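Following full-length UniProt numbering, the numbering of the sequence shown begins with 1 at its first residue and continues without gaps.
Any given hint could be a false lead.
[Claimed, not checked] Restricting the straight-line Cα-Cα distance to at most 20 Å, the calculated cross-link-like pairs of lysine to any residue (SDA-like) are:
1. K53 with A27
2. K53 with L85
3. K82 with V98
4. K53 with T91
5. K82 with E117
6. K53 with K82
In short, the hints are calculated from the structure, not lab data.
As the structure is a prediction and not an experimental result, all values here were calculated from the model.
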Amino acid sequence: MPPHEIGLFVRSNTEIDRARAATEAAALPFRVLDDQVETAVGYTSLCTMHLAKGLEFRAVAVLACDDEVIPLQARIASVADKADLEEVYNTERHLLYVACTRARDALLVSGIEPGSEFLDDLMSKVGTHGKPDFKGRAIPLSRLGVPGMAERLDIIGGSAQLPKRVADATGGWLTRISH
């Protein structure tokens, strides 16, 4: 798969360095997208979830899905009442949803322990319980209502070990979501 067909998303600029390390470990050429830098042929795109809207890639990796990263702890701590808290949770959940649905064919989600509570929700909705790990199971996307994701991200670079190298580089776990 050509690098420009791969998108990597993180919650905020704070996690960009972790995504950079994962991309370098995978030996993929990449560009960090922002308001002035756009996708380019020959380069994997790396950006925050906020910039993901409107983009589409054959393969997407949503990285750094850790507890206190998604949902972002700073946003939760700044909330004054229950209604605002619910709005923050809905917004954070929507950001993760947008990032995950940028994938046409393959989706990989990673993070460190403890993982985001949203991933626990996701795992329970698809009938998988417990924390995901690299040795874990593939999750049928048809149960998520996300059509067209028939491949696994570990085909990138022609190496079945690529996701393991990325997990090792970021000190985290991976779950592969496939059709």
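Hints and how they fare:
1. K53 with A27: With Cα atoms ~26 Å apart, K53 and A27 exceed 20 Å; violated.
2. K53 with L85: violated (23 Å)
3. K82 with V98: violated (24 Å)
4. K53 with T91: Distance ~13 Å between K53 and T91 Cα, so the pair holds.
5. K82 with E117: holds (18 Å)
6. K53 with K82: violated (28 Å)
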